[in-house]
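The lines below spell out each chain.
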Amino acid sequence: MVGFQTNLKWGEQQRVFRMIPGLENAEFVRMGVMHQNTFLNAPQLLKNTLQFKYRDTLLAAGQIIGTEGYTAAAAGGWLAGTNAARIAQNKEPLTLPNVTMMGALFEFISTADAKHFQPMPPNFGIIPAFSEKIRNKRERYQAYAERSLNALALIR
Amino acid sequence: MNNITVIGGGIAGTETAWQIAQAGIPVDLYEMRPVVKSPAHHSEELAELVCSNSFGADATDRAAGLLHEELRRLNSIIIHTADSHRVPAGGALAVDRGIFSQNLTQTLANHPLITLRREEIKAIPVEGIVVLATGPLTSPPLAQELQNLTGMDYLNFFDAASPIVVGESINKDIAFLASRYDKGEAAYFNCPMNKEQYWHFWQELRQAQQAELKDFERENAKFFEACLPIEELAQRGEETMRYGPLKPIGLFDARLGDFKENKVNGLMV
Chain X
2 MVGFQTNLKW GEQQRVFRMI PGLENAEFVR MGVMHQNTFL NAPQLLKNTL QFKYRDTLLA
62 AGQIIGTEGY TAAAAGGWLA GTNAARIAQN KEPLTLPNVT MMGALFEFIS TADAKHFQPM
122 PPNFGIIPAF SEKIRNKRER YQAYAERSLN ALALIR
Chain U
82 MNNITVIGGG IAGTETAWQI AQAGIPVDLY EMRPVVKSPA HHSEELAELV CSNSFGADAT
142 DRAAGLLHEE LRRLNSIIIH TADSHRVPAG GALAVDRGIF SQNLTQTLAN HPLITLRREE
202 IKAIPVEGIV VLATGPLTSP PLAQELQNLT GMDYLNFFDA ASPIVVGESI NKDIAFLASR
262 YDKGEAAYFN CPMNKEQYWH FWQELRQAQQ AELKDFEREN AKFFEACLPI EELAQRGEET
322 MRYGPLKPIG LFDARLGDFK ENKVNGLMV
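Just so you know, the sequences run in chain order X and U. Each residue of the first sequence is one higher than the one before, counting from 2 in this note's numbering. Each residue of the second sequence is one higher than the one before, counting from 82 in this note's numbering.
One chain only, chain U, in its complex shape:
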């Protein structure tokens, strides 16, 4: 039987290749890293989690949680691996991202029907069955090829990733461990801010210098509401962050009491 071609070794391509192999069909999985770098990835592992280590809420009466459960029942390797390397995160399914990706890379590389090829694909193969899983950072040559093939323009938007801070470097005399609404294990450090501190932070954030966008990026800059950069939220008004990541709801600290009642804002780190 001819091999099926899967282009891209992110989350989607990893799951795709695994399901094909489970059906008993040989598959070539192409991943351009580390030969060609991507602007967002940091490793050469398959299924690297680029944005956050969380897959979202896990209860089935939440949209993400229902999707998790559907995939569990369909024997998704991504969800089974996430379940095996789960870390405490309130009601969310979150993982140790290093171990998660390393484990998937090994599992796929060791599968007798999966051949992992570290090459960039610049043109979609004309022959055979092909699955395109090249993600939001599809490499420019392939993006161009797709545009030619489909005869249509792409749509573009921006995606933004948060900074990561070393836990030990946080001042625990100020920050305290808690999860919002006390759900599950206390898994986040919360940094409380009084009104004055919040105001100063807001002022500085509004005036801070942004990184340069490339010309073509600036033209297309349409911020995606679910993933707005924090400085963009700050630009929209003094109160905006208090309805987003700095919302005071569901947090309680022995020293400060209930955040909402006492008008304290909190950031989860």
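Isolated chain X, as found in the complex:
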């Protein structure tokens, strides 16, 4: 059920959600649940390479660093894994260009206001704007995408 996250008691979920037309006899595979979600204060603790500030050989990725969503978790895994390997090989850890969505996300979590830090999903608001504003939103986002993929092509 799209967007129907819930903390209702399971019996109540069945009773109320079966009032929805078409779901009178719905069979539930799984009931909605709510749980606590824990994340680090990334701006205080992490660099944009996903290394801890106090220990270069400790890195972190996923929802615990305050990024939100599956794809952001994969992105963090990619950078933390890549940098863990680079440290093992005595190479400089990689910082991703902040015009990429990945780079912008890790720049955000490592530099955000620590006092009011909340998890951040990928979004275009954290990407640096062009000096000349493109008025049409779709065109603007498409331009961000092109700039990002061009920048990404240079790093590997």
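It cannot be assumed that every hint is accurate.
Taking lysine-lysine and the DSSO-like style, the derived pairs with C-alpha atoms no more than 30 Å apart in a straight line are [to be verified]:
no.	chain 1	residue 1	chain 2	residue 2
1	X	116	X	48
2	U	264	X	134
3	U	203	X	116
4	U	328	U	276
5	U	328	X	10
6	U	203	X	48
7	U	203	U	118
8	X	138	U	328
9	U	276	X	10
10	X	54	X	92
11	U	264	X	138
12	U	253	U	276
Hints in this document: simulated from the structure, not taken from any laboratory.
Following the hints, put chain U in place on chain X, whose structure we already have.
What follows is chain U alone, placed relative to chain X:
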């Protein structure tokens, strides 16, 4: 070469371990399931998708879609596996979650440089290179350890998952298949509600009993706006759900016409 330690076999830890192994370095991937259970997971597979089966919009002029494309170009195993087990979902990248996780578990377990260890880590190893990918449900002993190490308090919020309904049990005389704005294949059943049905549903939802939260959870209960429980939306007002999951925009049914024009609300299942 010393093994790198990765703690946590969710999406992040799975990608981390894979990238380390691709660089030719041996890695120990620790996952506490199934030895220690988590309150949200249902399997012992790596990279289990707990909330929805969707990675979000896939077009590159959308934020999630751009991130997908960046990761494709960087050879992310998560995105490549998602692409291989894609299911129709309008313009979104969605997967068959069982096959997705099983496939990743096998791929990693079979990699000669990856050792999958089913153990709970209670303290962060002092030696060597360590990646922490323990997720939003980091186990209490490790959370305590982290708090001691960093000398700082955690921040907490709540995350909520939606119920899942068996497709065959939906009444197709009422519900109809469509995607919002007719994007891609019609992948959702839509349950139309007239004004009266909506009002009754809203009333019942507002008054329905909530599950008990533990004391420490209640103290910290700060709902996260992107993932608000439906009953919380209902509490905020009669119209709130119509601007959220029950919005009537972009839906058309042969019998009911355009939802917005005809003031019908729709739920996607």
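Original post:
When the hints from earlier in the document are held up against this structure, which numbers fail?
Top reply: Hints that this structure does not satisfy do not exist here, as all of them hold.
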